[in-house]
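S.K.: One letter stands for each residue in the lines below.
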Amino acid sequence: GIQVEQSPPDLILQEGANSTLRCNFSDSVNNLQWFHQNPWGQLINLFYIPSGTKQNGRLSATTVATERYSLLYISSSQTTDSGVYFCAGNQAGTALIFGKGTTLSVSS
Amino acid sequence: NAGVTQTPKFQVLKTGQSMTLQCAQDMNHEYMSWYRQDPGMGLRLIHYSVGAGITDQGEVPNGYNVSRSTTEDFPLRLLSAAPSQTSVYFCASSYQGSYEQYFGPGTRLTVT
Chain A
1 GIQVEQSPPD LILQEGANST LRCNFSDSVN NLQWFHQNPW GQLINLFYIP SGTKQNGRLS
61 ATTVATERYS LLYISSSQTT DSGVYFCAGN QAGTALIFGK GTTLSVSS
Chain B
1 NAGVTQTPKF QVLKTGQSMT LQCAQDMNHE YMSWYRQDPG MGLRLIHYSV GAGITDQGEV
61 PNGYNVSRST TEDFPLRLLS AAPSQTSVYF CASSYQGSYE QYFGPGTRLT VT
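Chains as they are written, first to last, in our numbering: chain A, 1 to 108; chain B, 1 to 112.
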């Protein structure tokens, strides 16, 4: 199966800072998603982005499918952005594989 | 739509007890799956189903059984709970396997 690597593993920011999270895949994928796991443990869908660029408020994501990586941008971070960010992907007919996540802490 | 629902939210079991974690979705999704989340391990697939009557094993299936008698429901059974099954369990569903997947709120299970 595919391997998913996320970097950095941990990130500490001051409120208002920008950040970039990266996700590398060992092989091409048909499905690529970014999730935010909040401090209460809930997994929230951020982006479904097998290729291209999407934006949702202060968050945006870009996937370069030919180079097998995806980036999640967080601008003007807020304390409510804290939590763990996961990327996950799969090929047709295979299971969704998760990276180990990036733990983000935003302080005021 | 309620989306993906899971019950119970919390459960404590003694070693050797059995129980069923419930998962239901109201989006008419064909694909459903169960994951467990352990500290430092991310989410790992236990079992999945591509439609009613069809199930298959994931990465960590030992100690768990599933069945899929309807499109809406995908229960996960622990036949004889062990402390190693202490974890947070998530159920997910999607239209098909390589489409966007939606996760339930999770069940936190402790086995003593």
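Everything labelled a hint here was simulated from the structure, so no lab data went into it.
Predicted model only: the values in this text are computed from it and were never measured.
We put the beta carbon where it would ideally sit given N, CA and C, even for glycine.
There could be a bad hint or two in this list.
If you want the ones that stay clear, here's a sample from chain A, every Cβ over 12 Å from chain B, calculated [claimed, not checked]:
no. : residue
1   : Asn-31
2   : Gln-37
3   : Gln-42
4   : Thr-80
If you want a taste of the chain B side facing chain A, the calculated C-beta under 7 Å gives, among others [what the hints assert, rightly or not]:
no. : residue
5   : Pro-75
6   : Gln-101
7   : Phe-103
S.K.: Are the hints correct? Go through all of them and say.
M.R.: Okay, the hints, checked on the actual structure:
{"no.": "1", "hint": "Asn-31", "in the structure": "violated, 4 Å"}
{"no.": "2", "hint": "Gln-37", "in the structure": "violated, 9 Å"}
{"no.": "3", "hint": "Gln-42", "in the structure": "violated, 6 Å"}
{"no.": "4", "hint": "Thr-80", "in the structure": "holds, 18 Å"}
{"no.": "5", "hint": "Pro-75", "in the structure": "violated, 19 Å"}
{"no.": "6", "hint": "Gln-101", "in the structure": "holds, 6 Å"}
{"no.": "7", "hint": "Phe-103", "in the structure": "holds, 4 Å"}
Checked against the numbered hints above, the structure breaks hints 1, 2, 3, 5 and satisfies the rest.
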